[in-house]
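Enquirer: Each chain is listed here by its residues.
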Amino acid sequence: MDLSSLKSRLVVDLGLLAASIAMFFVLPDQLGFATRVITTVLFVLSLDLVLGYAGIPTLGHAAIFGIGAYAAGLYALHVSSEPLSGLLVAGIAGAVIAFLTGLLLLRVNKLTLVMISIAMAQIALEIANQASGLTGGADGLGGFELGPVLGLFAFDFYGYTAYGYALAVTWLLFLVMRRLMASPFGISCQGVREQPRRMEALGVSVYWRLVAIYTIAGSIAGVAGGLATQTTQFVSLEVLGFTVSAEALIMLIIGGTGRLYGAIIGTILFMSAHDIAAGIAPANWLFVIGALVIVVVLVTPRGLLSILPWGSR
Amino acid sequence: MSAQEIDAAGLSVRNLNKRFGGLTVASDLNVDLPPGSRTALIGPNGAGKTTFAGLVTGILPPSSGTIMLDGEDITRLSAARRVKRGIVRTFQITTLLKAMTPREHIRLAILERRNLGWRMFSGASDFRDVESEAASILEQLILREDADRRVDRLPYGKQRLVEIAIALALRPRILLLDEPAAGVPSGESGVIIDAIRTLPEDLAVLIIEHDMDLVFSFAKRIVVLVSGAILTEGEPGEIAADPRVRALYLGEEAHG
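Chains as they are written, first to last, in the numbering used here: chain A, 1 to 313; chain B, 1 to 256.
Excised from the complex, chain B in its bound form:
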């Protein structure tokens, strides 16, 4: 493999901009997420973190710039097609089908990944290998006991875990975790942190998170976003020592 091919592996965002009228919410962003990377995106509220997730997943079209996956330009690809290529996200606000169980969610995800979602005359649970794969994902994320309860009757922490389980069922190559522990009581957040720590090693993970303990324990690289632009990026040690970042977080309350 040549050096260029190694460079191209994974996701590369180049000179990405997003403007709504006169408001710039993403300004000249350059981010690389190679396989196996563990990156955190941090920044104050309104810095454009969720906008970035929207641009990468294809929900928002960029104003300019390119997004490459393994050297291929996917900037114009629809959100659904990007999922098929392995760019998968979890939602900041739990986005589950209330009346369905964790098993049904994971089944649905596997069926769609395997392009069985158009099958009209098989029962949804008729595919034996889908069922066994769903069972192993439930096992892996310690959801077995809750597998057949409606998700809206599960504690919030478990619901967040189901979000991650669905994402894994899609066999992602690039995984965006949008505040995976947001709103979870601290007593329940342990299982989520464990789930994040045991993600497949070759997966590229980008985590958007406010909890600095989680960020610094998980990320190998941190990107700091302020007002839609990258303020700085580096290893956790560098970021922690950066006076601008410290000012940003210590001064956040003062600035509102």
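Okay, chain A solo, but in the shape it has when bound:
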């Protein structure tokens, strides 16, 4: 990466940081929506590790998100209202489920993988639905309170704390992921995506490399689910739904895969368009979203990010 692209990346970083902080002042009455966008960004970033970097075509990523969401909810209800330990529990739950399902999922070829990933998410949804004693079933899981973040910032009615908390966690994990994907491990995952035979010929156990990245992404998806639970103080069955997986995929493709920034840009664009379209044309917002997706994909087949000088490679 040359200096000018490094500079433009810095500009984008600072611009995103400034915009995300400016939300507090510019649109204080939209913080609830902005918080949902931030937690979704984290979830789509996790999908980018799996699909964009490692080339694992999953359509069941909601299973991991949802299990993180329920883990955080159950932890808050039964164990402790302390939020950071709750996120940790959600992250561990996501990592464990990703590891266990990954052991099976990553043995099969791509089309089979898509099918099995969908099936796994449907099974998770059905389990959550049936185990209503634990999860609240179709009524959802609520009735828990969360303590102040770091013992300092209580969750407030206006959502200032929720937004700042989600923002801080997402930024931190974004920087971690960026470091990770520039490491030897991260580069090898991209190699596995492009040429698994080549990587095997370098002495890489392709399968275990994929299980590792899938598990790491699982922990992040779990944290994203946990954040969603903590900032809304409610978990519904929808967190495990097919729509969550499918929309995350659309957001990632709109923004551009395998670059992390694509996940951010795509999510913000998709969710804003969704929100605005639903406001203007409550009956036809799906049409607007569909048109948007088609236009973006036709104009920039490799995602919006490919317009940027360092966005395409």
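Hints listed in this document are in silico derivations from the structure and should not be mistaken for laboratory results.
Among the clues, some could well be false.
Heads up, simulated DSS-like pairs for lysine-lysine below, C-alpha to C-alpha not over 30 Å straight-line [to be verified]:
| id | chain 1 | residue 1 | chain 2 | residue 2 |
| --- | --- | --- | --- | --- |
| 1 | B | 98 | B | 84 |
| 2 | A | 110 | B | 84 |
| 3 | B | 220 | B | 84 |
| 4 | B | 98 | A | 7 |
| 5 | B | 98 | A | 110 |
Okay, the calculated bits of chain A under chain B, using three or more residues with CB under 8 Å as the criterion [to be verified]:
| id | region |
| --- | --- |
| 6 | 168-182 |
| 7 | 185-192 |
| 8 | 200-213 |
Every residue gets a Cβ at the ideal spot worked out from N, C-alpha and C, and that includes glycine.
Start from chain A and add chain B according to the hints.
Expert: Same frame as chain A, now just chain B:
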């Protein structure tokens, strides 16, 4: 060192068979690749040359037989583990990461060889000795000027050279070159032939090749494979004089 130990050094393939259903693609193969050997595997299309490479590198499991490395049975070892033991191949069809540069490929190979491929929080180019080793391999294979260009923008001959550079970065003990000059215009093939001629002397090299000039100038021993079985083997002079081999190559067109 006893005579037996000397015998055991390098790669020994014993009674190796591979069948797909009723089709036998490798039939009772016995091949030795001791350190420093220069062996060519030749034969008509479909003779099972690439199958043999697959069996030795562990991509294909054999139906029966054993593969020994330095007297140790590695028949059941995975492809990745065999690479760690020093059995390295190049691909007949260039298998590179299109968007990466030659330097990045070689870096990746060195990182994996040194078991740094799992490092998650160092930058890929942070290891100074990896970088200097990569630079010296690029220098050795005369790739320095192209080191930082995407491989898919390089001429095909250079891409084939990158394949060899990656293999060398893995510090092989047994090197399988699967048609290293295939598809390269004759004007560009000189650099590849030079690279092959200057391979480390103690390395055991097996070359699969159709270009008979390259085979006869490089190999000290030639194994002729026909329909999955070894027809004959010997020194280049013997092979060139063998009437069966001559018939095979002269008659190849007639037989299709």
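Enquirer: Next step is simple, just say for each hint if it's right about the structure.
Expert: Hints, one by one, checked against the model:
With a CA separation close to 24 Å, the supplied pair residue 98 of chain B and residue 84 of chain B stays within the 30 Å bound. In summary, the hint linking residue 110 of chain A to residue 84 of chain B is supported, as the alpha carbons are separated by about 28 Å, within the 30 Å threshold. Distance hint between residue 220 of chain B and residue 84 of chain B is fulfilled; the C-alpha atoms sit about 27 Å from each other, no more than 30 Å. Among the hinted pairs, residue 98 of chain B with residue 7 of chain A is consistent with the structure: their alpha-carbon atoms are about 25 Å apart, no more than 30 Å.
Between residue 98 of chain B and residue 110 of chain A, the direct Cα distance comes to roughly 21 Å. Compliance with the 30 Å bound is thereby established for this hinted pair. Three residues within the 8 Å Cβ limit are the bar, and the region 168-182 of chain A against chain B gives 3, so the coverage statement holds. Coverage of the region 185-192 of chain A by chain B holds. Counting CB-CB distances below 8 Å, 6 residues qualify, and the rule asks for three or more. Taking a C-beta to C-beta cut-off of 8 Å, the region 200-213 of chain A contributes 9 residues in contact with chain B, enough for the three needed, and the coverage statement holds.
The structure fails none of the hints (numbered hints given earlier).
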